[in-house]
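Asker: Residue numbers (the numbering used here), protein chains in the order written: chain Y, 1 to 419; chain F, 420 to 789; chain H, 790 to 1097.
Treat each hint with caution, since some may be false.
Claimed, not checked - Only pairs whose alpha carbons sit at most 30 Å apart, straight line, appear in this in silico DSBU-like list of lysine-lysine: (1) H/LYS992 <-> Y/LYS4; (2) F/LYS706 <-> Y/LYS26; (3) F/LYS657 <-> F/LYS447.
Derived from the structure by calculation, the hints contain no laboratory data.
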Amino acid sequence: MTKKFYNAVFAAGIALVLACLMIGVKLNTEGTQLTVTGATTEQWAWIGLGIAIVFLSQLFAGQIDRAFGSLPKPKIGHLLPEEKKMAILKPWLFAALVVGLLVWPFMVSRGAVDLATLTLIYVMLGLGLNIVVGLAGLLDLGFVAFYAVGAYTYALLSQYFGLSFWACLPISAGLAALFGFLLGFPVLRLRGDYLAIVTLGFGEIIRILLNNWTNLTGGPNGISGIAKPTLFGLEFTRRAKEEGNMTFHEFMGIDYSSSYKVIFLYLIAVILMLFVVYVINRLMRMPIGRAWEALRDDEIACRSLGLNRTAIKLSAFTLGASTAGFAGSFFAARQGFISPESFIFIESAIILAIVVLGGMGSQVGVILAAIVLTILPELAREFSEYRMLLFGLVMVLMMRWRPEGLVPMKRPHLELKQQ
Amino acid sequence: MKNLKKTILGLSVSALMLGATVAEADIKIGLAGPATGPVAQYGDMQKIGVMAAIEQINKAGGVNGEMLEGVIYDDACDPKQAVAVANKIVNDGVQHVVGHLCSSSTEPASDIYEEEGVLMITAASTSPTITEKGYQMIFRTIGLDSLQGPFAAQYVIDKIKPKNMAIIHDKQQYGEGLATSVKNEVEKAGIKPVMFEGVTAGDKDFSALIAKLKKNNVDFVYYGGYHPELGLILRQSKEKGFDAKFMGPEGVGNPDISKIAGEASEGLLVTLPQSFDQDPANQALVKAISDKGEDPTGPFVFPAYSAIQVMTDAMKATGSTDTQELADYIRSNTFKTTTGDLDFDDKGDLTEFSFVVYNWHADGSKTAAK
Amino acid sequence: MTETTLYVIQQLINGLTIGSTYALIAIGYTMVYGIIGMINFAHGEIYMIGTYVTFIVIAGLMGMGMVSLPLILVVALLLAVIIASTYGWTVERVAYRPLRGSNRLIPLISAIGMSIFLQNYVVLSQGSRDVALPPQISGGWTFGDPSLFEVSFSYMQLIIWVATFVAMGGLTLFISRSRMGRACRACSEDLGMTNLLGIDTNKIIALTFVIGAALAAVAGLLLGLYYGVVNPFVGFIAGLKAFTAAVLGGIGSIPGAMLGGLILGVTEAMTSAFFPSEYKDVVSFSLLVLILLFRPSGLLGKPEVEKV
């Protein structure tokens, strides 16, 4: 107990040192001279409170850790009906979920639908990075580069050649995949951390090039007036942009409402997301998916079993990139305007946070984390000053107490019944 | 305790913003701009102006018997969030918006406002591309980069007549746009800049750039961008013994530049809109704002104030809040505001907006340059 | 000498100065990586905090009426090193020690979280605007033909070179000669075995974080005086560059960090000198990719042998 007490005093002392010279004094400028001012009594009270918390938490560290450890981990498996019933229920549940996703936007406000669309973009990005980081175990810190490639592909093709969203979608995904392939080919033989910095550098290079190549990409001005997707040629505007085109509401013979467009965008996002989920789900069950995980868990064993390391890593990298391209072209369509400042490193970090917080490799987890990370800041807008601070803190604490993520990955498996 | 109150208030506000429908009694005016993030200080300027205007108008009995109410929307100057904010504004039924602040946020948002018939007046976005699409609903009460650039260029051509001119910019929409327009104008007058180059915003080391300027015997530098980078360039130039004349746009005309550059900021030329807070006619208002403990000197405070004036004057004259009627009225009439008499052209831009060249001093003050 | 030669000399001086500071920060990355094989993502923020502490101390002492600049600088250096080391130690204690032995991605994420936390902690306590310190040490030498090109070399640049050289030399001596240094080297060879031999590896790991942070604080002080400006976001960019330098030189190798820093600094200066300077980051990252392609463990790094 005494040892613990000393420990706690020590920790409180450290906290005091850390707080005093940052919160305790503030730099100001008077004229051109730099001055310092002490904190107000109120701020000192906060510092005191913080130190007290540190002291107590250290004093009772064991108890707290135990309390967190003994918290029942949400075991979703146990809540669900048994295996057999599950097999019958599952398609129904899934169908209900899909129907819910499709019907829901007609009942809520336009702002909520728009937010859901943004969330779905992050879900797609998270799922794409999940292949690379979660399944194949390759740390990619420049994922936003492929997102940017997808977005600019659609924006440029639509601006210069007037191609439609639907035509550009596969092209965007393909081009992003090509970039992934070209980058992956030389760098995938690097070890994990080198790979991280090279991908980070690549992300920066793409952004700087987009910013500097003013003739093609508009440089920092970005590209505006990107065409919105159409439904078999029907536009979702008040008046058709081109002569001879029909708008959705004229065709259906209903009154114009601006929310149709928002809902339509949302529905596209849902369909794209379901497509991505489906494809990745299939891939995970295929030999290639197994190979990704095997390679992540033990590279040497895989090589001695004759698996082609480069091909497997490349396939993961390329597929992840194409998903980002997908999300990127949709982002450009939703936004109508893109510029390089939408593709900075912080985006990569947020996508990575989604994958890690959700649980690496787990699709449900990634979807959940994307929802949490995009909706929470919206709800906590008034805390916005503290938003990023809490974001950082949560990342640290999550890693400490629940490193496997919100919903840990569960392999599809069969269990033999014990007699 | 204060913090706690703030959070509770915050929670209730966000709860309101999420679900509530708009009350019918008042005219809601959306204020879209950064309340958080690195450029939040500029968002504050806009807020100060708008809130002061709303307060004054309500005190005088409101508009057509209805009170105004300002609703703040935070886009953090992030284009992605700007679209979300615009959708939220439409969703909340707000019909009149002052904002956004950063041109890159205004651009995607104005598309949505135009579609939905929401009247938007920006008091801070200066990029010429915003109004190029021929919008009906989009106006601005601030001068364009395409006005400021030629104005600066004209001064260079008439007064400076540099031998070796360099144009540097920060590779951002605002800085590069201005730099390009200055370059085009001076080239027309036969001055060929020896350097036209970008730097990275956020960089701290400009020694390589300064050596290059020195090597090219540059005697005059036009910088398109904001004060943090130009401040460092000035400071490092002085240390390296490079003494050319510098000139910059309103983005560098911030007292902070003297804090960064110290003595080196003496003699810097800055093009600024007229400082409306110096105008004798506005002194009562300046005092009212200062009395609330707010700063009336920011460059966007008065343009934001006059944006509200334009809106409410149009409402009073037409007797309605219908945005199409208001837009038509604004386009065809002259408004008496704190920033002078405003006329709008077909694109929604001001027909004229006057700039002044100032000499900057090391203590952060400025005097008009001859 | 021709104009171009003088110009190249000037750019070399500029490049070596900025490279020295990259090297100082890179040490922190390389030492932590050498011992526990992990990237300390929060290291750039420690550097930023070092600059803030320097500014606070200088402004505070001057406000109290102290006039002797050398004394002020010594106090500022001491306090910056102590505070930054405390932060470094805390980062290790909070974000790394509890996670030892888990999947290597886990501490990395935790460190990214720590970096975001520290950055915003400073934003909240000190504001997000630039804070500027008036020049303290000015002046320098100039040489070359004034009619062609005058090369300037300031006292501050000399101080940076000397301080980097001294810090590097001291660290190398410490690592190669002292008992603690030997323990550090043992840890980087084989952490588990060192532990078995009765060395408190936790202490050694904490020590590496503290040394790295102390050097980052030195860099913070030097760069704070050289540029005279700090804001809460400088740590990220500086950290990124320093990390690139560490990888370039071969992460885990101290001379490698020095070499990598200098190469990166000179490359940047030369790119800005002969090409539009907006491409300097593209060139330095491309250089990194190229070097890693031909030497996958950096210039001076040891190739890792994979064992089953």
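Asker: Measure nothing beyond the straight line between the CA atoms of F/LYS706 and Y/LYS26; if it is 30 Å or shorter, mark the hint as holding.
Answerer: holds, 29 Å
Asker: Given the hint that F/LYS657 pairs with F/LYS447, does the C-alpha gap stay at or below 30 Å?
Answerer: violated, 51 Å
Asker: Would the hint linking H/LYS992 and Y/LYS4 be met if the CA-CA limit is 30 Å?
Answerer: holds, 18 Å
Checked against the numbered hints given earlier, this structure breaks only hint 3.
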